[in-house]
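J.: The residues making up each chain are set out below.
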Amino acid sequence: MILLDRVSKTYNRSLGPSLDRISLHVEPKEFVIVIGQSGAGKTTLLRLLTREERPSSGKIIIGGIDYDKLKDKDIPLLRRKIGVVFQDFKLLPNKNVFENVAFALEIVGVGSREIKHTVPKVLDIVNLKGKEKRMPNELSGGERQRVAIARAIVRQPRILIADEPTGNLDPKHAWDVIKVLEKINRYGTTVLLTTHNAEVVNKLKRRVVTLEHGKIASDRANANYEAKDDTK
Amino acid sequence: MNRIYKRRLITFWRIITTGMTNFIRNASLAIAAIAVMVVTLTIVLFSLIANATFTNTIAQITNKIDISVYLKDSVTPQQKDSLVANLKKLPDVGKVTYLSKDQALQTYIKDNTKNPQLLQAINATDNPLPATIKIKPLDLNKIGTIKNFLVTPANAALQTADSPSYNGDRKQAIDTITHATNVLRTIGIASVIIFTIICALIIFNTIQMAIFNRRDELTIMRLLGASTSYIRGPFVVESAIYGILSAVLSMVIVNAAFIASSSALQATSLGLLDINFAADFFGSHFLRLLLLQLLVGILIGIASSTIATRRYLKFKTK
Chain C
174 MILLDRVSKT YNRSLGPSLD RISLHVEPKE FVIVIGQSGA GKTTLLRLLT
224 REERPSSGKI IIGGIDYDKL KDKDIPLLRR KIGVVFQDFK LLPNKNVFEN
274 VAFALEIVGV GSREIKHTVP KVLDIVNLKG KEKRMPNELS GGERQRVAIA
324 RAIVRQPRIL IADEPTGNLD PKHAWDVIKV LEKINRYGTT VLLTTHNAEV
374 VNKLKRRVVT LEHGKIASDR ANANYEAKDD TK
Chain L
72 MNRIYKRRLI TFWRIITTGM TNFIRNASLA IAAIAVMVVT LTIVLFSLIA
122 NATFTNTIAQ ITNKIDISVY LKDSVTPQQK DSLVANLKKL PDVGKVTYLS
172 KDQALQTYIK DNTKNPQLLQ AINATDNPLP ATIKIKPLDL NKIGTIKNFL
222 VTPANAALQT ADSPSYNGDR KQAIDTITHA TNVLRTIGIA SVIIFTIICA
272 LIIFNTIQMA IFNRRDELTI MRLLGASTSY IRGPFVVESA IYGILSAVLS
322 MVIVNAAFIA SSSALQATSL GLLDINFAAD FFGSHFLRLL LLQLLVGILI
372 GIASSTIATR RYLKFKTK
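Read top to bottom, the protein sequences are chains C and L.
For the first sequence, our numbering begins at 174 and goes up steadily by one.
For the second sequence, our numbering begins at 72 and goes up steadily by one.
I should point out that these hints are in silico values taken from the structure, not numbers from a laboratory.
Quick list of in silico lysine-lysine cross-link-like pairs, DSSO-like style, CA-CA up to 30 Å:
no.: 1; chain 1: L; residue 1: LYS385; chain 2: C; residue 2: LYS268
no.: 2; chain 1: C; residue 1: LYS306; chain 2: L; residue 2: LYS77
no.: 3; chain 1: C; residue 1: LYS388; chain 2: L; residue 2: LYS387
no.: 4; chain 1: L; residue 1: LYS385; chain 2: C; residue 2: LYS242
Owing to the predicted nature of the structure, the values given are computational and were not obtained by experimental measurement.
Whole structure, please, built from the sequences with the hints as guidance.
T.: Dropping the structure here:
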């Protein structure tokens with residue numbers, strides 16, 4: 174589903190590479206957690222996957238799409254296949270919950286009737302039923318993040334990428350968000366999650382990829398956050 | 072296939088409605104852009120009408136110019152016919168008309184009905200007017216060949232002493248007018264170009280401001296996989312609306328100007344500008360002019376907003 178082959182990304186030569194020859198393979202329907210300190214390259218990795226950045230070298234193939242052969246005009250088509258959840262939510266402040274989720278469908282030309290049919294179902298999945306008319310500033314952080322998740326999955330992508338979705342949330346809300354991600358994964362979506370929240374990692378018991386200084390320090394199934402220290 | 076077609080249609084419709092909504096929201100920003108565009112389009116319109124009017128004025132005057140060849144009474148019909156035939160063969164000759172002595176007299180009487188003294192002088196005696204060949208040159212600046220042909224001894228022998236007559240002073244007047252209109256045309260074209268550029272720049276600025284106000288939204292749209300045309304479309308629609316409004320306004324302004332001038336000015340022309348003709352031209356070409364104005368306005372809008380959005384829609388290439 175996701176294949177990275179010796180991918181490097183250097184923003185500034187004098188600072189060294191942000192990602193250094195990363196190779197990673199993620200199977201369909203897998204749930205992968207990427208952990209690492211700030212600056213370890215987590216965000217860079219995700220930005221490469223959404224083609225916000227191009228790798229300095231190496232090969233990226235997602236869902237059969239080779240990024241080297243991807244033309245600029247096809248980037249929107251790629252992004253429609255990948256759901257992305259951002260740490261800072263990136264909701265539109267002047268649109269209510271329903272409209273924010275509907276927005277993702279509008280831009281790909283889905284008809285109004287289908288939107289009215291689909292959006293409530295997705296809001297149900299993220300446990301936001303009945304809050305359609307709320308504006309983002311009337312919601313808690315966890316609720317906002319779940320709106321963002323609803324928006325990311327409303328087009329039924331095969332891959333969901335979540336960049337520190339719990340980063341700004343207290344433990345209770347963070348766990349709500351993680352449960353939603355697990356639910357989505359059970360429905361068959363590949364989930365790639367970055368976090369530096371140890372509790373989340375330990376409770377989930379999933380494959381954990383640890384990034385350190387732009388390199389993969391460890392890659393283990395059913396790992397704990399503390400496990401990182403053993404590899405040193 | 073049908074589903075893709077339907078989605079495109081929905082997307083197209085959403086682009087249009089979003090553009091219109093944005094136009095209303097940005098109305099205060101749009102005022103400057105529309106004002107400049109109205110001025111530009113009014114200048115375009117004025118230049119077009121003035122050009123048509125000048126062309127008409129010159130054509131009218133040019134039309135009155137001809138070369139008259141007066142034949143001696145002794146010329147035989149055969150000689151006359153061969154002269155007419157030879158004249159028609161000359162490259163710069165437009166139209167050749169032959170007036171017999173009787174026809175010449177009738178034309179003279181018709182032209183001078185208000186001048187009985189002149190008529191009396193003619194009626195009293197036998198018809199003194201010569202048979203006349205009237206030649207209309209194709210181009211006033213190229214009457215040389217006709218002149219050379221007429222002054223050859225064989226042809227000169229057929230003509231009276233004061234033939235041919237060239238209406239020389241009129242040609243001079245036409246040259247002056249032509250020169251003046253050429254200058255005016257150049258000024259017109261220059262001001263159309265300058266104002267079009269100013270107008271495009273101001274719309275460019277307006278759209279950039281609108282983009283700046285909504286840059287977060289654009290980023291999010293980009294990340295969610297909105298196509299370039301879906302993001303750009305509303306801005307293009309918005310500036311096309313500037314074009315449409317400005318085109319209509321400029322037509323209204325010019326129309327009002329004609330109404331005002333016809334009631335305020337008793338004269339039918341201002342210097343070289345024949346206002347009656349200009350008003351008629353405006354009236355009879357109203358639809359075509361409106362379409363042209365719409366086209367120019369929409370094109371300026373589309374071009375400048377396309378360039379304005381380009382920078383924000385680029386993907387990273389490195």
